[in-house]
Structures are given as C-alpha cells and as structure tokens.
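Here is how the chains run, residue by residue.
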Amino acid sequence: MAVADNDFICILGPSGCGKSTLLRIVAGLDVPSTGRVLLDGQPVARPGPDRGMVFQSYTLFPWLTVRQNVLFGSRATPAVADALIARVGLRGFENHFPKMLSGGMQQRTALARALANDPKILLLDEPFGALDNQTRALMQELLLGIWEADRKTVLFVTHDIDEAIFMASRVAVMSARPGHIKHELKIDLPHPRHYTMKTGADFSRYKAELTEQIRVESIRAAQMEH
Amino acid sequence: MTPLKPVAPGARVALGVAFFVLFFAAWAAATFGGYVSATFLADPATMLREGWSLLAVHGFIKDILVTIWRVLGGFVLAAALGVPLGIAMGAYKPIEAFFEPFVSFARYLPASAFIPLLILWAGTGEAQKLLVIFVGSFFQVVLMVAVTVGNTRRDLVEAAYTLGVTDRGIVRRVLLPSSAPEMAEILRLVLGWAWTYVIVAELIGSSSGIGHMIMDSQALLNTGQIIFGIIVIGFIGLASDFLFKALNRRLFPWSLA
Numbered sequence: 001m002a003v004a005d006n007d008f009i010c011i012l013g014p015s016g017c018g019k020s021t022l023l024r025i026v027a028g029l030d031v032p033s034t035g036r037v038l039l040d041g042q043p044v045a046r047p048g049p050d051r052g053m054v055f056q057s058y059t060l061f062p063w064l065t066v067r068q069n070v071l072f073g074s075r076a077t078p079a080v081a082d083a084l085i086a087r088v089g090l091r092g093f094e095n096h097f098p099k100m101l102s103g104g105m106q107q108r109t110a111l112a113r114a115l116a117n118d119p120k121i122l123l124l125d126e127p128f129g130a131l132d133n134q135t136r137a138l139m140q141e142l143l144l145g146i147w148e149a150d151r152k153t154v155l156f157v158t159h160d161i162d163e164a165i166f167m168a169s170r171v172a173v174m175s176a177r178p179g180h181i182k183h184e185l186k187i188d189l190p191h192p193r194h195y196t197m198k199t200g201a202d203f204s205r206y207k208a209e210l211t212e213q214i215r216v217e218s219i220r221a222a223q224m225e226h
Numbered sequence: 001m002t003p004l005k006p007v008a009p010g011a012r013v014a015l016g017v018a019f020f021v022l023f024f025a026a027w028a029a030a031t032f033g034g035y036v037s038a039t040f041l042a043d044p045a046t047m048l049r050e051g052w053s054l055l056a057v058h059g060f061i062k063d064i065l066v067t068i069w070r071v072l073g074g075f076v077l078a079a080a081l082g083v084p085l086g087i088a089m090g091a092y093k094p095i096e097a098f099f100e101p102f103v104s105f106a107r108y109l110p111a112s113a114f115i116p117l118l119i120l121w122a123g124t125g126e127a128q129k130l131l132v133i134f135v136g137s138f139f140q141v142v143l144m145v146a147v148t149v150g151n152t153r154r155d156l157v158e159a160a161y162t163l164g165v166t167d168r169g170i171v172r173r174v175l176l177p178s179s180a181p182e183m184a185e186i187l188r189l190v191l192g193w194a195w196t197y198v199i200v201a202e203l204i205g206s207s208s209g210i211g212h213m214i215m216d217s218q219a220l221l222n223t224g225q226i227i228f229g230i231i232v233i234g235f236i237g238l239a240s241d242f243l244f245k246a247l248n249r250r251l252f253p254w255s256l257a
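If you're matching them up, the sequences are chains A and B in order. Every letter in the first sequence is one number past the one before it in our numbering, and letter 38, counting from 1, is 38. Every letter in the second sequence is one number past the one before it in our numbering, and letter 183, counting from 1, is 183.
Mixed in with the good hints there might be a few duds.
Listed next, the stretches of chain B that the computed footprint assigns to chain A, with coverage defined by at least 3 CB atoms under 8 Å from CB atoms of chain A [stated by the list, open to error]:
#	stretch
1	167-181
2	240-252
With a cut-off of at most 25 Å between alpha-carbon atoms, the simulated DSS-like pairs for lysine-lysine come out as follows [unchecked claim]:
#	chain 1	residue 1	chain 2	residue 2
3	A	182	A	207
4	B	93	A	99
5	A	99	B	62
These aren't lab readings, by the way, just hints derived from the structure by calculation. Being a predicted model, the structure only gives us computed values, none of them experimental. Yeah, the Cβ is synthetic: ideal placement off N, Cα and C, and Gly gets one too.
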C-alpha cells in the first residue's frame, strides 16, 4: 500500500482486524513481524516527530495546561501553538488543565498538539471514538477544514463507515486475521465538503458498497472468535 | 444510612469532635470515678498538670525539638537516597531486576531489630537515631516510588514519543511529573512511620527526646507524663500531615479530582 503526499486515507475495518496495530507500526510504537514501513524511502524504526499521532484515549499530559500541552512537541513554537489553539476553538482555555475540559475539547487540544509539532504525516487512531455523536460530527468537520486548508498527509483509522466516507479521499478496507488491505475505494466527493453531503446520493452509493465489504469481514471475524 | 453518600461539612466536623469528647469523657469517668487505679492511668487533669510541669520546669520543649530534628534528619536522608533509586528502578527495568529482590527482602526487616546492631556500630548518639529511621524508611520509599513510576500511563509515554521526545526526555518530561503527586503522598505516609521508629530508637539507649522522657516517666510511674508525651506525638503527627497535604494541594493542583 502506498500513500501519496497530501492524501487523506481512512483505514476501515471491523474491531480486532489490526487497523490500530497498522497505525502503531507506522508511528514506530510497535514492531511488525513481517514487512516494513518506508517514509520518503527511509525505513521507520522508532517513533519520531515526523509522524504525529492522536490516540482514541485521552492522552493530554494532565500536569500541563492546554497551551503547555500544545507546546510540548520538540518542534512546536509559541506562535504556531497559539494559532492552532484559536483554530480548534480553544482560545480562552489556554490555562485550563485537561481535567477541566470535556472529551471533545481534550481531543481538539490533542489534535492541536500533534499539528503544532508540524509532522509530515498525521496518524489518527479513532480519535473521535469516545465522543458523543454530535461532538463527533463537529470534530469531523473541524479536522476536514484543517486538512482542506493545509493538505497534510493523514492516515485515519475508524470503524465508522460514514466517518470514513465523509473524511477520506481514499478508503482502505482491512480484512480480519490475517489483517490486510482487501479493498480500496476512491471517494470522489468534491471539497470543501459540507455535512449535508452525508445524505446525498453519491454518499449513499459509497456507503452501500463499503457496508457490504465490512459486513463480510465482520462475519468472518465473529466466526473466528468461536 | 446510604452507602458512600457524602456527609455535610458541618456535620462532619461535629461528628469528628464528638468522638474526641466521648473519648475524654470515658477516660475521665474511668479515672475520676475510681474504676482505674491512678498508678496505672492518670486522670486528664493530672495529665495536663504533669504536661505543664514538663514544659515549664523540665525543659520538655528541648526534647520535642530534638525528636523532630531526628525524624526530619532520618526522613530527609531516606528520601534523598530512596527517591532517586526508586525512580531509576521504576524507569529502567534492568536496574529494577538488579535491586528489587533485595529491597523486597530488606523492607520486611523490622527497623527496631536493628537497634542493638546500630548501637554497636554507631553508639547511642544522633547517628544511631538517624540510622534507625533510615533503615525503617529507605526500603519502603524505594519500592513504593519504583512501583509508582513503573505504573505511569503507557499511552502518555507513547504520546510523548510521537511528539519527538527522546528516551531521557521521557523520564524527565513524563515519568517524573506524572508520578510526582503520588511520590509526595508516599513521603507523607513514610514520614508518619518515621515517627514510630524515632520513638522506638529513643526508648533504648537515649539521653534526650520524647521517647527518652517516656522511659524516664515509666521509671517514676508517672503515667500523666507518659500520656502527655504520647499526645504531643499525636499532635505533631497531625500537624505535619496537615502541612504535607496542604503543600501537595498547592504543588499539584492538576491532580485533584
């Protein structure tokens, strides 16, 4: 699987298929048993600031304020950090500790923290998975808006089909055990994308196709558990 | 009563004070009522009178200060050496594998059993008192700090790595700040234990300190002074605990629920 610069790829799969592991291997947090990851031709051996990551769990450093968290990365600068805090709508909360923030605000801070370090690739591991539906939809639009402006390369792991279609320029469907990419689908929805697209005819067509693909995998994964 | 239901702040204080009152009332009833011989248990009034004479006539303040100095000295020594070793063990697993079995064994050696040996080695002076507290506190501090540091949330460590932090930076920027409040809590706990060790050390072969006064009073059958000494220890413990808690709240406002 090759990922081009400025691409937004969603990795879609049933739970337990190894999509998070794939992302962690790209981040350098896990070591692959076979195969390798190349970034601009260089093999990935360990985590580095060129691959920023947002986790599903809340990973803000609880002893640092919002601003200190965003400034944590080795390449973050105060000017960039302040701009990003404003961008994710947290101006006025710079001096709050994470425990004072809602889940959505924490993930927005985590997104700003990853972006402030100016990574080549942004890795997102179900970052909105723990959020309620309304917050999740707003976060999707926020992230999409940032991507449409900056065109960072993004790898986004999710099991939510709507989320994958709405965000991605390409969706990769992963199969369960052995986990590999079994299907790729280019999403030709125009940018900037608006949330009303989620009810459009094109969207429904993509959704029907992906639902079928995922369903087969989910059944296989469920059968293997017995 | 509903389980886990909080009690109003006013009622909480009233209940706490009520037990103190009840305790002293029972004590007063037992002694003033003549149910217990004055030889074995002084009444509260005698205790206060003896306490006053201790402070005014016998220079008990000096004993109190000596004991506080010993506790702090032994505690600071144990913390200064134990905390860094605990951090190293918690952060680096080979170091933990090297020290952990011995420290786990040593923590069960009772500090009081070392007193005869320590008197042999260090005499009956200040060095011996500090060593008793050190032996009692050091291994506990090491183990508890190692566990705390080792339990640092892995996802915070991983997040730091993806932000470009180096291996040494992980210790300084993640492991230390994330376990700092618990380390302070461990030190507060161990300081409480240090008070037990110092009194034991002073009961045997000492010429000053609260424990020494208690031994002297026993020889004179002065239970009033003994009880006064014990109560003084209790109050100092309470005060130091309160100060420690207040300091922790100030230092780590982010960790409060």
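Against the earlier hints, flag every one the structure doesn't satisfy and list their numbers going up. 2, 4, 5
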